[in-house]
Amino acid sequence: MSHTVPGTPRTQDSAPPEAVDGPAEPAHATGTGSRPAKAAASSKVPFRRRLRQDRTLILMTVPALLLVLVFNYVPIFGNIIAFQDYDPYVSTNGVTAILHSPWVGIQQFRTVFADPQFWHAVENTFLLFFLQLVLFFPIPIALALLINSVVRPRVRAMAQAILYLPHFFSWVLVVTVFQQIFGGAGIIAQTLREHGHEGFDIMTDPAIFKFLVTAEGIWKDAGWSIIVFLAALAAVNTDLYEAAAMDGANRWRRMWHVTMPALRPVIALLLVLRVGDALTVGFEQLLLQRDAVGPGAAEVLDTFVWWTGIRNQDFSYAAAAGLIKGVVGIVLVLTANKIAHLMGEQGVYKK
Amino acid sequence: MTAVMWKPAKEPGRWAAPPRPVWEEAPSRAGITAKSFGLGLACLAVLVPLWIVVVTSLASKKTITRAGGLVVVPRDITFIAYKELLSGGQVTRAALISVGVTVVGTVFSMAVSILCAYGLSRPGSLGHRLILMLLMATMFFGAGLIPTYLLVQTLGLTDSYLALILPSAVSIFNILVLRGFFMGISPELTDSARIDGAGDFRILWQIVMPLSRAVIAVITLFYAVGYWSAWFNASIYLSDQQMMPLQNVLIQLVQKQEIPVGLTQAVRAGPLSGLAVQMAVMVLALLPVAVLSPFVQKHFKKGMLTGAVKG
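Heads up: the protein sequence lines correspond to chains C and Z, in order.
Take any residue in the first sequence, count from 1 to its spot, add 3: that is its number in the working numbering.
Take any residue in the second sequence, count from 1 to its spot, add 3: that is its number in the working numbering.
Possibly wrong hints are sitting among the right ones.
What follows is a set of in silico ranges between Cβ atoms, one per label pair, in the way DEER data are often shown [said to hold, decoys possible]:
#, chain 1, residue 1, chain 2, residue 2, range
1, C, ILE191, Z, PRO297, 24 to 30 Å
2, Z, GLY71, C, LEU136, 37 to 43 Å
3, C, LEU102, Z, GLN209, 31 to 37 Å
4, Z, GLY91, C, ILE191, 42 to 48 Å
Below 35 Å or equal to it, Euclidean Cα-Cα: the simulated DSBU-like pairs (lysine-lysine) are [claimed, not checked]:
#, chain 1, residue 1, chain 2, residue 2
5, Z, LYS38, C, LYS213
6, Z, LYS259, C, LYS213
7, Z, LYS301, Z, LYS64
8, Z, LYS259, Z, LYS65
9, Z, LYS38, Z, LYS301
10, Z, LYS65, Z, LYS38
Keep in mind the hints are simulated off the structure, nothing from the lab.
Even glycine gets a Cβ: it sits at the ideal position worked out from N, Cα and C.
Just need the whole structure built from these sequences, with the hints factored in.
Given below as structure tokens:
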């Protein structure tokens, strides 16, 4: 791809206006391919002049940058309490408390690794991750293909509006809705009792809980997840379908040979994102149900950190567990990307 | 707005199907039935629970007693639960708090995000790659719950509504979506304004923002829904029950089967049903979202698409 560099007006004088605007315009502005040319052009301009030129732009990013530095970067240093025996009663000022708390080296990590409850949380985390991957992941793809095969624009728009809706509900609402249907006082148990059967309560059954959590996730987000697939489907060149049909491919073969290859990069990207985020399996959702079903079924890494840290005030211990999760999480992201690159897909970031 | 496998030729009527291209075989009756069934089932799975919640919230105590709990078929409609909830008291206060936090938070988040997105939108500007990297790196790691909690405490934000806004004020994803959209705006428009002497703030306000109404609507909705739905930060940073937003009150009422403070008498002896009250609180919590999001829906794909492509 060739790139006209915006901001170099000399090309605009000679080139006809159609060459400058048009749909190709946004693409070249972001593509990484334009960067070498741009960098070469801008390095000729002295730093002071560039600073004066772009001062306002830099200034505009300051509020967001400050917020991110304070709330995303500063707390990273707070993780040093994982190597301490942090005493929250010294002061409500974290810095003072850190300065006055004794150092214990990797003692906290030793305790965490020897804690059966920690390993139980790890086990639950992976169990829920795999269950969600197997049961949740294919549903949006199927729904997107279904919606995409509906030709009437009005029906499509209405179905989309309905299916997107639960994504915007809070977890409190979603969990409550499920409680009203499947809970001990819910509509199903109530109907069963009316007909003389024993009532039941799925919400508090530890054995069924993992499926319940997955079902809640599907109800909330499966509809919303189709949006990415629909965008990919809309980008497929119609001529491909016609050519395939001319060659005698029926509906199913067209789906297999034209539609599926178009979805492949999106599926790969979403898989990479999901695997990279494997240790996060619905913190708020599980926390809301932890009391009802008990920590045996609902405790995952995030809720373990919450319980030991916020609830039991054992900050150093919880920070150590959190740090383990964070480090493993980064390794997972990088590994997932590496695998995507090896498979010839783009992944989250480029090589 | 939605490109289909085949290009719809003309608008033949809003519900009618666009003409089928010659190469495409007509769908079989079984295929159409299966498709309608699948899509209908998915939509019902969303709508039926919401229907039950709304109908029960509007039912009288008699109907609820006769139904033995949740009401599926409406027999009578009464707004008594809503009247009681909204006539002052715990739920009214919580709803107002939620509205306040959502409005203030969303305006703040949008201002910060739009400024940052515009500041990063000119290719080759000084330092924009460094800033972008600093921001995007946070998408791959989190500092962790405990250090964040201690930081908020150290900053003295606990027991303040700032604790519900500041820590989650910017979403890098939202900034990237906005930035992607801003970059798609033809540079001639902004360049000519710059030659005419307009500064960056003026270009942003008078050219870029009016051209980006669609994506701004989408991101505003994302932020607003985030603030409206949030409950966790309130649960760890606020200790005063009087300060709790609506979602936290909903947790107490529905999950722990409590009755709002002050309504106990009306529920025990009066015409008020405890279940209807709970359902009415749920409706209050989902109403703003359910009403607003369909209006923004037509912009979703555009916003998500630019964000996904240019992230």
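Hints and how they fare:
no.	hint	verdict
1	ILE191/C - PRO297/Z: 24 to 30 Å	holds, 29 Å
2	GLY71/Z - LEU136/C: 37 to 43 Å	holds, 39 Å
3	LEU102/C - GLN209/Z: 31 to 37 Å	violated, 51 Å
4	GLY91/Z - ILE191/C: 42 to 48 Å	violated, 36 Å
5	LYS38/Z - LYS213/C	holds, 29 Å
6	LYS259/Z - LYS213/C	holds, 22 Å
7	LYS301/Z - LYS64/Z	violated, 40 Å
8	LYS259/Z - LYS65/Z	holds, 24 Å
9	LYS38/Z - LYS301/Z	holds, 23 Å
10	LYS65/Z - LYS38/Z	violated, 41 Å
In summary, the numbered hints that this structure violates are 3, 4, 7, 10.
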